[in-house]
Amino acid sequence: MGVALWDVARPAGPGRLAGATMAGFRDRGVTPAGLRLVPPPAITLALVFGAGTVAVADASGRQHRGSIVAGLGFGASRVRQAAGFECVQVRLSPVVAGAVLGIRPGELDGAMVALDDLWGREAGRLGERLSELSSWRQRFSLTDAVLARRAETGPPVDPEVVWAWRRLAGTRGRVRIEHLAAEVGWSRKRLWSRFRVQAGSPPKRVAKLVRFDHAVHRLVAGQDPARVAAEGGYADQSYLHREVREFTGATPAHVAAEPFLAVDDVAWPERS
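Residues in the sequence shown are numbered from 1 upward in steps of one, following full-length UniProt numbering.
Simulated from the structure, these hints should not be mistaken for lab results.
Glycine included, each C-beta is placed from N, C-alpha and C at the ideal position.
Wrong hints could be hidden among the right ones.
Label-pair distances were calculated between CB atoms; the ranges are [unchecked claim]:
1. A226 - R62: 35 to 43 Å
2. S238 - A111: 23 to 31 Å
3. A226 - R125: 38 to 46 Å
4. S134 - R242: 43 to 51 Å
Sequences are here, hints too, so could you generate the full structure?
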């Protein structure tokens with residue numbers, strides 16, 4: 001993978017909020033402009049702190065600086081500028097994200113927004129507190145406490161939506177939506193509506209994102225694209241190619257080589 005772009009830290013164990021995972025990044029000064037960000041099947045919260053800077057361009061070309069929230073399946077996005085930044089990245093399950101963020105995930109509609117726009121002054125105060133701490137352990141502990149506190153007062157999620165999300169994740173996106181609706185006792189239309197608002201995207205698109213995530217990690221691990229497509233539920237390899245382009249704007253070969261995935265313990269478990 002060449003020169004490592006970041007120093008990476010991970011918590012020693014799970015946090016208090018189920019459905020939230022964290023990692024810490026410290027830029028080594030070699031993050032290239034144009035680095036592609038590959039969307040996970042989660043809502044991403046990037047808490048940027050310290051004296052460094054980072055700017056990210058979303059799928060529409062709009063640039064964001066500082067701490068951001070990236071909606072589910074945020075699309076082709078790139079780092080446009082990076083200089084010595086530090087960041088706590090939080091990946092939130094769609095069914096807990098609304099409680100933490102204070103808005104329904106459907107309001108994000110897959111877009112990137114500044115954390116200031118959602119949390120107001122609390123976002124700035126959190127960045128200042130993270131800057132004052134001297135270790136990743138302390139930063140993870142602070143972030144964990146903030147997530148748990150906010151989750152206590154956020155909007156609830158229908159148990160049917162939680163069930164549907166777990167089924168989509170557990171089957172790697174390979175369950176038919178009409179079957180999901182039947183399992184929870186809802187019409188397909190009702191499931192589509194509630195899931196889109198409470199989880200952030202319609203269930204069919206979430207199924208595609210979960211399937212894409214599993215496939216792209218297999219590609220990064222060096223597996224044959226034809227086999228990945230056949231075993232991942234794709235009609236053929238060209239269908240896999242189209243979905244990778246849909247979520248990233250790149251070919252499977254380009255995405256598999258992106259150094260951003262080198263910090264992912266699913267893609268590279270030996271580096272955990």
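Could you tell me which of the hints above the structure violates, numbers in ascending order? 3
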